[in-house]
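> Keeping their order, the protein sequence lines are chains A and B.
Numbering-wise (my numbering), the first sequence opens with residue 24 and increments by one.
Numbering-wise (my numbering), the second sequence opens with residue 24 and increments by one.
Note that the list lumps identical chains together, so a pair holds whenever it fits in one copy or between two copies.
Okay, derived cross-link-like pairs now, SDA-like style, lysine to any residue, Cα gap no bigger than 20 angstroms in a straight line: (1) K159 x L170; (2) K159 x E78; (3) K159 x T142; (4) K159 x D92; (5) K159 x D46; (6) K159 x A42; (7) K159 x A221; (8) K159 x H91; (9) K159 x V268; (10) K159 x H270; (11) K159 x Q82; (12) K159 x D147; (13) K159 x G81.
Hints in this document: simulated from the structure, not taken from any laboratory.
Quick caveat, the model's predicted, so the values are computed rather than measured.
Number of protein chains: 2
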Amino acid sequence: MERVAIIGASMTQFGQRDAWIRDLLAEAGIDCLEDAGVDPDEIEHLYVSNMASGEFEGQGGIMNGLAHDLGALPAYTERVDQTSSSGGAGIYAAWRSIASGASEMTLLVGGEKMTHRTTAEATDVIASITHPCEYKHGVTLPSFAGLTARHYLDRFDAPRESLAKVAVKNHRNGVDNPNAQFRREVDVETVLGSPVVADPLRLYDFCPITDGSAALLFCPESVAREYADEYAVIAGIDGATDTHVVHERPDPTVMSGVVESGRGAYEMSGYEPDDVDVAELHDMFTILEFLQMEGLGFAEHGEAWELVEAGYTDRDGELPINTSGGLKSKGHPLGASGVAQGVEIYEQLVGEAGPRQVEADVGLACNVGGFGNCVITTIMEAAR
Amino acid sequence: MERVAIIGASMTQFGQRDAWIRDLLAEAGIDCLEDAGVDPDEIEHLYVSNMASGEFEGQGGIMNGLAHDLGALPAYTERVDQTSSSGGAGIYAAWRSIASGASEMTLLVGGEKMTHRTTAEATDVIASITHPCEYKHGVTLPSFAGLTARHYLDRFDAPRESLAKVAVKNHRNGVDNPNAQFRREVDVETVLGSPVVADPLRLYDFCPITDGSAALLFCPESVAREYADEYAVIAGIDGATDTHVVHERPDPTVMSGVVESGRGAYEMSGYEPDDVDVAELHDMFTILEFLQMEGLGFAEHGEAWELVEAGYTDRDGELPINTSGGLKSKGHPLGASGVAQGVEIYEQLVGEAGPRQVEADVGLACNVGGFGNCVITTIMEAAR
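The shape of chain A in the complex, shown without the other chains:
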């Protein structure tokens, strides 16, 4: 089967935007087509990754609206919802659209408009969608993160500072991302001195509420060569679901969706963890970066914190993680985040990452839905 290539990428400014969801989607979609030099009428399939435009804005049918706004009719359109991993699910949907032969040019646009709601409202929307059972009892995603972080620190004798250093690293990376929501460095003291949200985690252990959109353009590799000298190909991709109720999981420090989707993506690609040169992990909370590093085989179980402490995941380290700034500093517009992870990996592989550029032939993105309810892992490689 022919490989699936990515020939264009874009993202809007992430942050507080004076725009509604359709504006954001159109902005990223138009930029992505321009980036690749592809006309809207060449699009055969158009996927929109979005978690909750209905809940946040009372907006539906946004995929049909986007087809109109881009001038992409009569392209087939579909909205892909996999809660906070909708973006990764969109990459998987776009991959299948090409790999099945259904489309030779597929545009994926992910987006979310959130900041017109308060943080409390947005947290409620997210928890009610991703964890309806526990939410009835008042549990939200930050609650899970706090409990998991406490367990991890105690069990593996990890210093609280190691979590803070994830935030420090990702904020440092975000400074060089012109589209990041926060472009300022923070130090360990700032993180540890910020207000408690869910003990032991504090404000700077959490990603913000964000508006934004991101896009990727997919085609068969034979078509890619007509448009670009340098492009990326999807070497491996897989998704996996974990229990819908968190307490049913045997080990709170293991997200089996991460492990299973990673296993599938590695197997399909033929790569192993050591082959990965750069990774975007779903750092909605600092503790999640540890769990994904371990679930994906970048660190032994209970040892990710040591690698972070040692600078192994810094931009100039052995395995740079979240060179984009991650969800932590770049922001987390739910449906856009998985797509934006793909944008960063694509830009790293084709050498368009500017001041964030690292040497990379193989990159990985891991997008987490809910508190690990469903996870999609994508491995890309450079084609030059």
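Add chain B to chain A, keeping to what the hints say.
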């Protein structure tokens, strides 16, 4: 490429159900697996077609909940949203999951829970999602249907009774569908004497508000032979989008999404309209059955009404249409409807349609989103 087979099908009782969306999805999913003799842990991909569980019930993440409820972990899950054509979009998504090689056993479950809301509330939800621009001015889907019906009757000199005869036919078929919401015959006088909803259309020209769920099980044809002697294969499938704003369409009696998706499905399958032995069309309003008959090449433009008058589309006619009872009598739980169309075609092809059985080797289903905003056409053939 290997063909994609369907080896199992099920639908719940449609109507007013004392259950929430997750109950309905689980009921259809479990029945479908039992129908095929497949264990839940064999499922690799699980798609849920649903339009508005958030808007109707405040429920999200239902695909992850269903994976739990079925015992299908760690199957990859995704919610497919293409408004009222989410079911057809789910068939297309399931097809791509198999055709791409990503999955060897894909379960699709479509469902919607609506009857706890009033008809007015449900109509508002649907219009606000599918036609946000016109909805601001008070236009709903029934409004479009009334305007289109008036135009059609005047332009093609069609008698008002011809529309009523669509309802009469589909109600007659529904009597023999144990899962239909309405299992009673109506006559032309009843239709024409029912209350006006959107002139010239009356209550019996419209489908009801419905709760329900339906499921289909997909695998490569080589796998299908291990499970079933008789099964169906997807011979052709395609989707297409029309303008998001209805007034931009050049001819109100032509739904280009129907035409384009039909063209794609015919081309992929090698079949022509004359080859189709049985069809399920999206008769949300009686007028839509005419538009789809014409858009899909079963009748010349402006002449579908003559075929209906002549009994051509009756169960014992040349081309039986909506043997299931259609959306009109079976009911229209939005996300379930396109899947239930597929269930009827599958049952007709494998000879499991009971008193509704017709002779059929090739069947077609056409699922319409919004007022034709996005349409998916599927052509199946029997494999015996």
